[in-house]
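Participant: Sequence:
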Amino acid sequence: MSQKLLIVGAGEFADIAYEYFTVDSSYTVVGFAVEKEYFDETEKFGLPVVVFEDAERHFDPATTEAHVAITSTQLNRVRERLIKSTRDKGYTLANFISPRAMVWRTAKLGSNVFIFENNVVQHGVKIGDGCVLWSGNHIGHQTEIGDNCFVSSHAVISGYCRIGERSFLGVNCTFADNVTIGADSFVGMAAAVNKSFEEPGLILNGNPATPSRVSSYRYFKLKPSA
Numbered sequence: 001m002s003q004k005l006l007i008v009g010a011g012e013f014a015d016i017a018y019e020y021f022t023v024d025s026s027y028t029v030v031g032f033a034v035e036k037e038y039f040d041e042t043e044k045f046g047l048p049v050v051v052f053e054d055a056e057r058h059f060d061p062a063t064t065e066a067h068v069a070i071t072s073t074q075l076n077r078v079r080e081r082l083i084k085s086t087r088d089k090g091y092t093l094a095n096f097i098s099p100r101a102m103v104w105r106t107a108k109l110g111s112n113v114f115i116f117e118n119n120v121v122q123h124g125v126k127i128g129d130g131c132v133l134w135s136g137n138h139i140g141h142q143t144e145i146g147d148n149c150f151v152s153s154h155a156v157i158s159g160y161c162r163i164g165e166r167s168f169l170g171v172n173c174t175f176a177d178n179v180t181i182g183a184d185s186f187v188g189m190a191a192a193v194n195k196s197f198e199e200p201g202l203i204l205n206g207n208p209a210t211p212s213r214v215s216s217y218r219y220f221k222l223k224p225s226a
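Using the numbering used here, the first residue of the sequence shown is number 1, and each one after it goes up by one.
A few of these clues could be false.
[As the list claims (entries may be wrong)] Restraint-style ranges between C-beta atoms, simulated for each label pair:
1) SER153 x PHE39: 43 to 49 Å
2) ASP24 x GLY124: 39 to 45 Å
3) ARG218 x ILE16: 27 to 33 Å
4) ASN178 x HIS58: 43 to 49 Å
5) MET189 x SER225: 38 to 44 Å
6) PHE39 x GLN74: 16 to 22 Å
7) HIS123 x SER85: 31 to 37 Å
The hints are simulated quantities; they were obtained by calculation from the structure and are not laboratory data. The C-beta atom is built at its ideal place from N, Cα and C for all residues, glycine as well.
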């Protein structure tokens, strides 16, 4: 018997999550939940859309799991916040791992992780809660990716790297072995990170990557997390 699943969100990523969970998982999507401020439809794909604040009245956390399908909005802070709120409601947070991804048996994954097709996750990798790995990335052995990171597509992260929480990694970026970046980093498209940048909130671009004068906090108009 398949497990019932509530998708938190109703945007483009929620549509994708519905398709992937429906076709390539043992879950059955039973509905969507959206915060009251953004509630503007009552049905999606023939399923009910409910106000997130009242979700547990419609979908019992005892019998329904949930997945927060939100992209990197506000440098991943919206997804982080909704994951906490969904967990506080008592829901178990489901992962999606594409059967077309290679995730080695010694890799350790948190909750509410979404891994698309053609990802390679090697031996000893640790991926935190709320991470999204879009298609075609390489995550090298013993690398650790902090909570609520977003890895775009075709990123290459070599072995023994440390990616700080809530970081965004752009398409085709590359990391050398043993590189650490701080929390809230924004790594631009095709950046080549060949040394560590442990200060939080850096924007890294170029080959070799160098920090921008503008922090990710200023660029996205955010406050550093406590």
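Participant: Evaluate each hint against the coordinates.
Facilitator: A quick look at each hint next to the structure:
no., hint, result
1, SER153 x PHE39: 43 to 49 Å, "violated, 31 Å"
2, ASP24 x GLY124: 39 to 45 Å, "violated, 25 Å"
3, ARG218 x ILE16: 27 to 33 Å, "holds, 31 Å"
4, ASN178 x HIS58: 43 to 49 Å, "holds, 48 Å"
5, MET189 x SER225: 38 to 44 Å, "violated, 25 Å"
6, PHE39 x GLN74: 16 to 22 Å, "holds, 19 Å"
7, HIS123 x SER85: 31 to 37 Å, "holds, 34 Å"
Hint compliance for this structure: hints 1, 2 and 5 are not met, and every other hint is.
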